[in-house]
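If you read the protein sequences in the order shown, they are chains A and B. The first sequence stops at residue 1586 when you use our numbering, and every number in between is there. The second sequence stops at residue 518 when you use our numbering, and every number in between is there.
The set of hints was computed from the structure by calculation and includes no laboratory data. Computed from a predicted model, the values in this text were never measured in an experiment. There's no promise every hint is true.
As the list claims (entries may be wrong) - To give an idea of the chain A side of the interface with chain B (calculated C-beta under 7 angstroms), a few residues: (1) Tyr1503; (2) Pro1511; (3) Phe1517; (4) Lys1530; (5) Leu1533; (6) Arg1573; (7) Phe1576; (8) Arg1578.
Stated by the list, open to error - Here are the simulated lysine-lysine pairs, PhoX-like style, with alpha carbons at most 20 angstroms apart: (9) B:Lys488 - A:Lys1474; (10) A:Lys1542 - A:Lys1474; (11) A:Lys1542 - A:Lys1528; (12) B:Lys462 - A:Lys1474; (13) A:Lys1542 - A:Lys1526; (14) A:Lys1488 - A:Lys1530.
Built from N, CA and C at the ideal position, the CB exists for glycine as well.
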Amino acid sequence: SQKIEQNSEALNIQEGKTATLTCNYTNYSPAYLQWYRQDPGRGPVFLLLIRENEKEKRKERLKVTFDTTLKQSLFHITASQPADSATYLCALPSDRGSTLGRLYFGRGTQLTVWP
Amino acid sequence: EPEVTQTPSHQVTQMGQEVILRCVPISNHLYFYWYRQILGQKVEFLVSFYNNEISEKSEIFDDQFSVERPDGSNFTLKIRSTKLEDSAMYFCASRRDHTDTQYFGPGTRLTVL
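Next up, chain A with everything else stripped away, as it sits in the complex:
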């Protein structure tokens, strides 16, 4: 199995600033890592996937890094907006060899962006 830790349960930042969320894992290094957004009472919404051979990936205001040496992924939201307020989940596959797709999730970081 995989143990996943996401930094502080809650992160509060001012609109326009960059939010940085951390995901650390402790066991095997996964072939990829995913970030999801979850709003209250809703299902996770896929944001980005980064593979072990990719150092960085971007999508609009989102950026993800993946450091297999540190066993860590950082998720950045630049020019944050109140609409970015949500819980962000880090998810890893069950093991390197599996093609079945079971995901392990972190507890998430609740981001609040205030005007």
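Given the coordinates of chain A, assemble chain B onto it according to the supplied hints.
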């Protein structure tokens, strides 16, 4: 854009009753999953399904649980005799072959009284 759909959005049942949660995965997806999330806790894997059979299940998925793909579009999760601790959000997810991204439905909130 195609989405995973789930019905009902909220199900209330008495302890010991059977419930069936329904999902319609994205149409060209081949891998199907059920996850659950107890209030305030993390999303937990229950079961994966491929080629009309269970491919992996967690320790949570005991004999009280079963899954079925009764036709070409629906994917169901049955809980035979519900317990209070089964109260949670249940999410269905699906993914295409040769990809890694899972797309989740909006969830069914199950409340067991």
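Hints, one by one, checked against the model:
Because the beta carbon of A:Tyr1503 sits about 6 angstroms from the nearest beta carbon in chain B, less than 7 angstroms, this interface hint is met. With 7 angstroms as the threshold, the beta carbon of A:Pro1511 stays out of range of chain B, its nearest partner Cβ sitting at about 11 angstroms, so the hint is violated. Satisfaction of the interface hint for A:Phe1517 is found here, the shortest Cβ-Cβ separation to chain B being roughly 5 angstroms, below the 7 angstroms cut-off. For A:Lys1530, the shortest C-beta to C-beta distance to chain B is roughly 13 angstroms, which exceeds 7 angstroms, and the interface hint is violated.
About 15 angstroms separates the beta-carbon of A:Leu1533 from the nearest beta-carbon of chain B, more than 7 angstroms, and the hint is not met. Given hint, A:Arg1573 at the interface with chain B, holds; its Cβ is 5 angstroms from that chain's nearest Cβ, closer than 7 angstroms. Look at A:Phe1576: its Cβ gets to within about 4 angstroms of chain B, closer than 7 angstroms, so that hint holds up. Hint status for A:Arg1578: holds, given a least beta-carbon distance of 5 angstroms to chain B, under 7 angstroms.
Taken as a hint, the B:Lys488 and A:Lys1474 pair is broken in the structure, with Cα atoms around 28 angstroms apart against an allowance of 20 angstroms. As the CA atoms of A:Lys1542 and A:Lys1474 are separated by approximately 11 angstroms, the hinted pair is consistent with the 20 angstroms bound. Of the pairs offered as hints, the one joining A:Lys1542 and A:Lys1528 holds, with about 17 angstroms between alpha carbons and a cut-off of 20 angstroms not exceeded. For the given pair, B:Lys462 sits about 18 angstroms from A:Lys1474 by alpha-carbon distance, which is consistent with the 20 angstroms threshold.
Between A:Lys1542 and A:Lys1526 the CA atoms are separated by roughly 12 angstroms; this keeps the pair inside 20 angstroms, and the hint holds. Taking the CA atoms of A:Lys1488 and A:Lys1530, the gap is near 17 angstroms; set against the 20 angstroms cutoff, the hint holds.
Of the numbered hints listed earlier, those contradicted by the structure are 2, 4, 5, 9.
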